[in-house]
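Participant: In case you want the letters, here they are:
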Amino acid sequence: MDYLHLAWKNLWRNRRRTIITLTAIAFSIMLVQALHNLSAGVYAGMVDSGVRAGSGHIAIYQQHYLESRDEALYFKGHNLVTEIETIDGVKQVLPRLYIPALAQSSRESRGVVLIGVDPQRERQINPFLKTLSEESMIRSADSRDAVIGSRLLDELQIKQGQKFVITAQYHDGTLHSELLYVRGVVSSGMKNIDGSLIMVGHERAALLIGSSGSVHELAVMLSDPGREESIHRRITTLLGTHPDIEAVSWERAMPNLANAIKLDYASQKFIFLIILLIVTIGVINTLLMSVMERMREFGVILALGSKPMTLRGMIMLEALTLGLLAATVGSLLGSLATWYLVSVGIDLAALVPETLEFGGVVFDPVMRASWNPGWMLQIALYVVGLTLLAALYPAIKAGRITPVEGMRHH
Amino acid sequence: MSLIKLKNVSKIYRLGSQKIPALTDLSLVFDVGEFVVLAGPSGSGKTTALNLIGCLDRPTAGQVIIGDLDLQSASSRQLADFRLQHIGFIFQSYNLIPVLTAAENAEFTLMLQKVPKQIRRQRVSKLFAELGIDGLEGRRPADLSGGQQQRVAIARAMAAEPHVILADEPTANLDSHTAEELLELMRRLNREKGTTFIFSSHDDRVISQARRVIRLEDGHLAADITITA
Amino acid sequence: MLLTLAFRNLWRNRRRTLLTLSAMVVSAALLILALGVFSGMFKDMLASATEQYYGHLVIARPEYHLRRDLFAHLPADIADQLPLENEAEITGKSPRLRSFGLLSRPETSQPVELLGIIPRMEQQVTSLQHQLTAGHYPTEEEHNGALIGQGLARKMKVKPGDEMVFVTQAADGSIGNDLLIVSGIFATGDSRHDNNLVLAPLPWLQQVLVLPGRIHEVAMVVADPMTAAQIADRLTAALPENIEVLDWGDLLPEMREVIAAYDVSRMIVVTILYLATGLGILNTFFMSVMERTREFGILMAQGMRPWTIRGLVLLETLLLGGLALVIGLLCGAILTLYMQQIGIDLSGYITSVTYAGGTILPRLHAVFEAGNFLVPAGMLLLVSLFAGFLPANRAARLDPVVAVRDI
Numbered sequence: 091m092d093y094l095h096l097a098w099k100n101l102w103r104n105r106r107r108t109i110i111t112l113t114a115i116a117f118s119i120m121l122v123q124a125l126h127n128l129s130a131g132v133y134a135g136m137v138d139s140g141v142r143a144g145s146g147h148i149a150i151y152q153q154h155y156l157e158s159r160d161e162a163l164y165f166k167g168h169n170l171v172t173e174i175e176t177i178d179g180v181k182q183v184l185p186r187l188y189i190p191a192l193a194q195s196s197r198e199s200r201g202v203v204l205i206g207v208d209p210q211r212e213r214q215i216n217p218f219l220k221t222l223s224e225e226s227m228i229r230s231a232d233s234r235d236a237v238i239g240s241r242l243l244d245e246l247q248i249k250q251g252q253k254f255v256i257t258a259q260y261h262d263g264t265l266h267s268e269l270l271y272v273r274g275v276v277s278s279g280m281k282n283i284d285g286s287l288i289m290v291g292h293e294r295a296a297l298l299i300g301s302s303g304s305v306h307e308l309a310v311m312l313s314d315p316g317r318e319e320s321i322h323r324r325i326t327t328l329l330g331t332h333p334d335i336e337a338v339s340w341e342r343a344m345p346n347l348a349n350a351i352k353l354d355y356a357s358q359k360f361i362f363l364i365i366l367l368i369v370t371i372g373v374i375n376t377l378l379m380s381v382m383e384r385m386r387e388f389g390v391i392l393a394l395g396s397k398p399m400t401l402r403g404m405i406m407l408e409a410l411t412l413g414l415l416a417a418t419v420g421s422l423l424g425s426l427a428t429w430y431l432v433s434v435g436i437d438l439a440a441l442v443p444e445t446l447e448f449g450g451v452v453f454d455p456v457m458r459a460s461w462n463p464g465w466m467l468q469i470a471l472y473v474v475g476l477t478l479l480a481a482l483y484p485a486i487k488a489g490r491i492t493p494v495e496g497m498r499h500h
Numbered sequence: 062m063s064l065i066k067l068k069n070v071s072k073i074y075r076l077g078s079q080k081i082p083a084l085t086d087l088s089l090v091f092d093v094g095e096f097v098v099l100a101g102p103s104g105s106g107k108t109t110a111l112n113l114i115g116c117l118d119r120p121t122a123g124q125v126i127i128g129d130l131d132l133q134s135a136s137s138r139q140l141a142d143f144r145l146q147h148i149g150f151i152f153q154s155y156n157l158i159p160v161l162t163a164a165e166n167a168e169f170t171l172m173l174q175k176v177p178k179q180i181r182r183q184r185v186s187k188l189f190a191e192l193g194i195d196g197l198e199g200r201r202p203a204d205l206s207g208g209q210q211q212r213v214a215i216a217r218a219m220a221a222e223p224h225v226i227l228a229d230e231p232t233a234n235l236d237s238h239t240a241e242e243l244l245e246l247m248r249r250l251n252r253e254k255g256t257t258f259i260f261s262s263h264d265d266r267v268i269s270q271a272r273r274v275i276r277l278e279d280g281h282l283a284a285d286i287t288i289t290a
Numbered sequence: 008m009l010l011t012l013a014f015r016n017l018w019r020n021r022r023r024t025l026l027t028l029s030a031m032v033v034s035a036a037l038l039i040l041a042l043g044v045f046s047g048m049f050k051d052m053l054a055s056a057t058e059q060y061y062g063h064l065v066i067a068r069p070e071y072h073l074r075r076d077l078f079a080h081l082p083a084d085i086a087d088q089l090p091l092e093n094e095a096e097i098t099g100k101s102p103r104l105r106s107f108g109l110l111s112r113p114e115t116s117q118p119v120e121l122l123g124i125i126p127r128m129e130q131q132v133t134s135l136q137h138q139l140t141a142g143h144y145p146t147e148e149e150h151n152g153a154l155i156g157q158g159l160a161r162k163m164k165v166k167p168g169d170e171m172v173f174v175t176q177a178a179d180g181s182i183g184n185d186l187l188i189v190s191g192i193f194a195t196g197d198s199r200h201d202n203n204l205v206l207a208p209l210p211w212l213q214q215v216l217v218l219p220g221r222i223h224e225v226a227m228v229v230a231d232p233m234t235a236a237q238i239a240d241r242l243t244a245a246l247p248e249n250i251e252v253l254d255w256g257d258l259l260p261e262m263r264e265v266i267a268a269y270d271v272s273r274m275i276v277v278t279i280l281y282l283a284t285g286l287g288i289l290n291t292f293f294m295s296v297m298e299r300t301r302e303f304g305i306l307m308a309q310g311m312r313p314w315t316i317r318g319l320v321l322l323e324t325l326l327l328g329g330l331a332l333v334i335g336l337l338c339g340a341i342l343t344l345y346m347q348q349i350g351i352d353l354s355g356y357i358t359s360v361t362y363a364g365g366t367i368l369p370r371l372h373a374v375f376e377a378g379n380f381l382v383p384a385g386m387l388l389l390v391s392l393f394a395g396f397l398p399a400n401r402a403a404r405l406d407p408v409v410a411v412r413d414i
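Residue numbers (this note's numbering), protein chains in the order written: chain A, 91 to 500; chain B, 62 to 290; chain C, 8 to 414.
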């Protein structure tokens, strides 16, 4: 017999109470782990589709472009594309031009931001272009082919194959117009995108502003988002020779998406906090009850010559055993739930609109979790810590009685 | 050789604003190997005196010296250590730990002393044999009779081989036959091992077994009689 | 009598009851706070779409909201011709003409959406006049004064008094362009409005688009946005076929659905939280019943019926639940009130977030909504009852003989 053995036996003194408490702790751990993994999975999906359509995992801009979106801040970036693509872990670099322009049909006009892209590269990454057939794609960088959002097409009252005029400001300040043809139509489901998207080859876009070969943005896609930091450093080193060009993370380039995730995660953390708070109160209650009804026994143990600290240690050990047991059971259940959420997921199609937009990306109605063992362990240990914290008061209280007082209890 | 000395000891309990004197100006000396009974009706101060001798409580006035330890100047840590090393306790209601088996209960003080498991086992099984409860090692207190429980309690008190064993009304909850047996057992231990036994009791059968009877009345020493065989 | 007994029983183990009570109060109060903040976000979201742009109801040609057809126009006095007077809930209406085009300066051009408005009437519908950061709201006298968003002003590098040219295609097919002078700059926190929206006088835009005396829509506000759909239905019946009335739910179907989905997720969160709380209550009442076994035995031996015992225990849990409810609702209301009056500014950490066609502002700000109190309250009572049921059954099933023997 040793102290651990004693703690284990004491834990099962009131079997029902321990099981209920254990269930409450394990249930909360499972819930927090599963919910966190689910959100992490959903966020990862949002980030993935966000960076594909947006800035890439890392975006490269002329300084101040990001804050001002001043179309005069372009740079000659095409040689950088191949240079950065040689970096290990970089999947693709997408050069882009963003030009504020007026799109006109014979009946209607709309203010738009024309995006000049490298058609072949863009198609491999951008989710809006992925669904387009080969015939609907922009044929070359300098062609007059345009890919356009379905709602914008509708608003301009033109059809696939028809022409429209785009007017933009040339670098000398005068307005220049170009004739374009609708080659492909994008129907993403997001009102914003479908109502504003116009893509053309980057050379055609560059001609509009009279600056051939220039870009506003290089969107760097990584094959493993986990390596973002190290690759970011390598790109920054590589850009050392261009002091006016900077590489920024997607969080900075797409604050809308980053903030949407932050906000959602913050509200979730608040719920986690409430859950853990309630469970901690429950554990305090259980441990306090268990200590109060054993005061007589503690008196005897102290009389037999145990030091108060030893007695406190015994109670803390009991709480530790409870915490570890609950953490193990809870993490097992959490893993089981995560496994289900990873392989099956939750289909919210019946609850949310088919094309719900959140933080600028389409929200996938089938939510799938991702594994975060480190975080799961962390939350489990955190709960063990809370259990110990909950035991502190009962333990201190038990250690404070004198043997004579203790033995007077019934 | 004097083992325990009480010099002009008084103990006053406070109950709200009331002061209840439990012991008044009590002076006693106990020698090694004695078999003493503190006798008297309930409320006469027997338990208070045992608590003082057992280092569980401090006197309000006077001096309690046990071996070379002065109760007044010792810290509660020192007292706990002293109890663990030198004093064994036997209680009226046995006070075994219900979740532990008989053997584990007996081992408890040895565990507190950090005695290795193997030695604990050996010592306890020897004690169980001596006390006639061998074979009951694996039982829980709830599955034992009162007499058996009190034997386990004696084993627990003896296991650490203390100099003094204090027993507060050890036979009060037992039938007369069992009480007789237990008393005989304790006398044997006293004879064979030289352990000092100090009882409290108001049971005449117990008192008749003692070689020294200290009679308390309302916290005062009424008589201190040594019976020479 | 039974009630007094139940109440006294609750206070037998004061510490345990208080701890259980505190768990219930904490869960209810914090939940109410969280729900209030979520509702606040939704309200901001809805307001960003309606009070800054759409209004709650819009009268326009059929499908105008889908295609923004330049030629789907209405007579400017349409609002006076329609039977709107009997709708007392309508608190404001604003006739608007809409155009899309480029706002141009020598160094830059930006795509914009331009609304031709009558300032006096537009101010009844949208609240941009309260969100000015520079200059003033255009007056009727300024024939080409424009109100533009802060983001747009920054990109255009303009301040009040500066000139800009608006370029668009007019109804006659010509390229219309005319001078605007910045009167004021607004900031809503919604990047799409701040970067894209321009308000200019209606007569000026009618002239640029060559659409004299015409408008595209009448935007209206009602006292309670949630009644907009019903009012829209009533109005539709009274309107001619080539004119339709849409409520914000029709204009922003995704927002309507998100708000409906919120009701479901609110139930889920509340259920999850109360499961954890319920286990705590269950534990407390099991302990309380177990340690009173002997007492229940005596009560039964004296002739108390099992159902009365069951009722007693259930009454105790309900009493505790009721007490927690009162304190929890009170604390929740205080926290919500605090967050409503003061709130937390998050603009240092995050910027606004677009969601379901609206914008969530970077602030935590709560609003009072009955459901946010009723749902947690109802669930708390339900959970107390459920958690009391098992211990109550256990107490009622005791055998008096065995129970009395039990110490």
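Rather than coming from a laboratory, the hints here were simulated on the basis of the structure. You may find that some hints are simply not true.
Which stretches of chain A does chain B cover? Using the computed rule of at least three CB atoms under 8 Å from a CB of chain B, they are [to be verified]:
#, segment
1, 98–108
2, 352–366
Under 7 Å between C-beta atoms, here's a sample of chain B residues computed to sit facing chain A [as the list claims (entries may be wrong)]:
#, residue
3, N112
4, L117
5, A122
6, L145
7, Q153
8, L173
9, F189
10, D264
11, R266
12, I268
In silico lysine-lysine, DSS-like type, Cα no more than 27 Å apart, as pairs [claimed, not checked]:
#, chain 1, residue 1, chain 2, residue 2
13, A, K352, A, K397
14, A, K487, B, K175
15, B, K66, A, K397
16, B, K175, A, K166
Just so you know, these numbers come straight off a predicted model, no measurement behind them. Using N, Cα and C, we set each Cβ at its ideal position, and we do this for glycine too.
Participant: Work down the list of hints and note, for each, if the structure agrees.
Facilitator: Hint by hint, here is what the structure shows:
1. 98–108: Answer holds; 4 residues pass the 8 Å Cβ test.
2. 352–366: Violated - the segment 352–366 of chain A has 0 residues with a Cβ nearer than 8 Å to chain B, which falls short of three.
3. N112: With a minimum Cβ separation of about 6 Å from chain A (threshold 7 Å), the hint on N112(B) holds.
4. L117: 5 Å, holds
5. A122: A122(B) check fails; min Cβ-Cβ to chain A is 18 Å, beyond 7 Å.
6. L145: Where the cut-off is 7 Å and the nearest Cβ of chain A is about 3 Å from L145(B), the hint holds.
7. Q153: 10 Å, violated
8. L173: 5 Å, holds
9. F189: It is violated, given that the least Cβ distance between F189(B) and chain A is near 15 Å, above 7 Å.
10. D264: 21 Å, violated
11. R266: 25 Å, violated
12. I268: 24 Å, violated
13. K352(A) to K397(A): 50 Å, violated
14. K487(A) to K175(B): 25 Å, holds
15. K66(B) to K397(A): Roughly 25 Å separates the two Cα atoms, so the pair holds.
16. K175(B) to K166(A): With Cα atoms ~78 Å apart, K175(B) and K166(A) exceed 27 Å; violated.
Hints 2, 5, 7, 9, 10, 11, 12, 13 and 16, counting from the list given before, are not met by this structure.
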